[in-house]
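Undergrad: Take a look at the letters that make up each chain.
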Amino acid sequence: MRGLRGDAAIVGIAEFAPERKPSRTWMGVEVYSELARQALADAGLSIRDVDGLITGNNLLEAQTFIPATLIEYMGIESHFSEVLDLGGAAGAGAVLRAAAAIESGFCDTVLCIIQTTMPPTNPHAAATQRARDWGGGVWGSPQAEFEIPFGAIQGSYGYAMIANRYKHEYGLTYEQLAKIAVDQRTNALANPKAVFRNTPLTIEDVLNSPMIVEPLHLLEIVMPCFGGAAVVVSSKETAARAKNRPAYIIGAGENTTHRSVTYDPDFTHSPIKAAADRAWAMSGVKHGEIDLASLYDCYTITVLLTIEDAGFCAKGEGPKFVEEHNLTYKGDFPVNTHGGQLSFGQSGLAGGMSHVTEAYLQMTGRAGDRQLRRCDTVFVNGNGGIMSEQVSLILRGG
Amino acid sequence: MSTYRKETVPIPVPSPITQPFWDATKEHRLLLQTCDSGHIFYYARSHCPNCLSSQLEWVEASGRGKLYSYTVAWREQSPDFAADVPYIIAAITLDEGPRMTSLLVETKPEDVEIDGAVELVWDDVSPEISMPYFRPVAKVGAA
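Those protein sequences? They're chains A and B, same order as listed.
Everything in the first sequence is counted per our numbering, starting at 1 for the first residue and increasing by one.
Everything in the second sequence is counted per our numbering, starting at 1001 for the first residue and increasing by one.
Think of the hints as simulated: they come from the structure by calculation, not from any bench.
Beta carbons: idealized from backbone N, C-alpha and C, even for Gly.
Cβ-Cβ distance ranges computed for the label pairs, FRET-style:
1. Glu1057(B) with Asn122(A): 24 to 30 Å
2. Pro1016(B) with Pro224(A): 32 to 38 Å
3. Pro192(A) with Lys1066(B): 47 to 53 Å
4. Val1137(B) with Gln371(A): 53 to 59 Å
All chains, please: the whole structure from these sequences, using the hints.
TA: Structure below.
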């Protein structure tokens, strides 16, 4: 059995003196930042050296998206991000995870920060509740102050801004985006579990659906559903005894850069690239070996950017690529053979898991009418927030 | 009252960290921050997002920039904006460098140009807060 090799080490610490009566109060973003600053100073490192973040599960300003909020706030590009909920074991648990992540090659330097300080009394409780009701964070959150009051809320506006910037830099037509939704619908028609299994779709249908946030039409935007999914991952030894063909995780990469789309460093060169590049390098797999691209598809533009930034075509050639390739299970470049979340349905947070379960069905020959003739090697991408959080996987059948 | 919107809500709620930023909006001054290493950034924070320094100073922005991208919302994305449809959400690159989320006003959807010059306008939405929005800079020679 393999454990840690002992190749990762603690290099610096910070600690506030314990106080029975707090001498001051802290906003959450401030205390995490200050502990990070002090620990890095102790280590003689800078925040630029940090590419991983493990935190406790308490941040005053955010109930969800805790790592992305802190990553944006502190200016980190993180290849390993985690909220740890282990009570008194969180400190040691964070160090264990940091060592495992580093030895595995996901990242180089991880900040582990656990805190319980006293927040100021919120003088604006009613208004804060309003912000919380929109899923936009609580008092003091950058979203509540600098995004939501400007109408920047939920995800659609952000993907629309990315699409408009792309259109400006490289050229993009409504028809090219619609083609992605149409090919995925063809896949859904062959999937008895897809919500849109009985409704064919044409490019005209997409263009005739209401414009929601320019340039994205209603039928280019994922439809929220309820559901769930599970995946069992095991050791090679256990996998050898499993009933089905194992799908080894031979490459993986992660990248988080921002929370609000405004701070996405480059709208047209997405954070997907850093995650995908890591997965390709780790696996040694070449693009031509991929039998299925299982790509997170909250919007059509997301698929187009993923095809480019995962390296299946050059930057700027995505629109032509989706026009010239058949993205269905019958085609030369199969994408999201389950229909994608656009046509399969998005079961909340479980939606992203559908790209993994579909990969495994295809690799084990259980995809029914949409079964690919050959499916040994799959590229999967998961995307969170507004291009905020990226995880790429390369799976290979045993 | 809002000059540019049908509603004033949601009005930002300052924290101890951001209070000076919002106080300055009452005087129609848009504040950025610099750290002791010379990094400049928006939005108001306790630590620099480039080097994590906590030695920060406020500096006033010129109020000029370029439109990095935008979207026209033809359906409201939150209930408080329902009466404002269509409205234009924008990402502005300020001349000083940082990017900023705002609304683009005083223009029609069909006239918006990415990378076009924009300038700050203020909306006095409450006695405590004025909102910084942007409008396109009129082109020289335009009708």
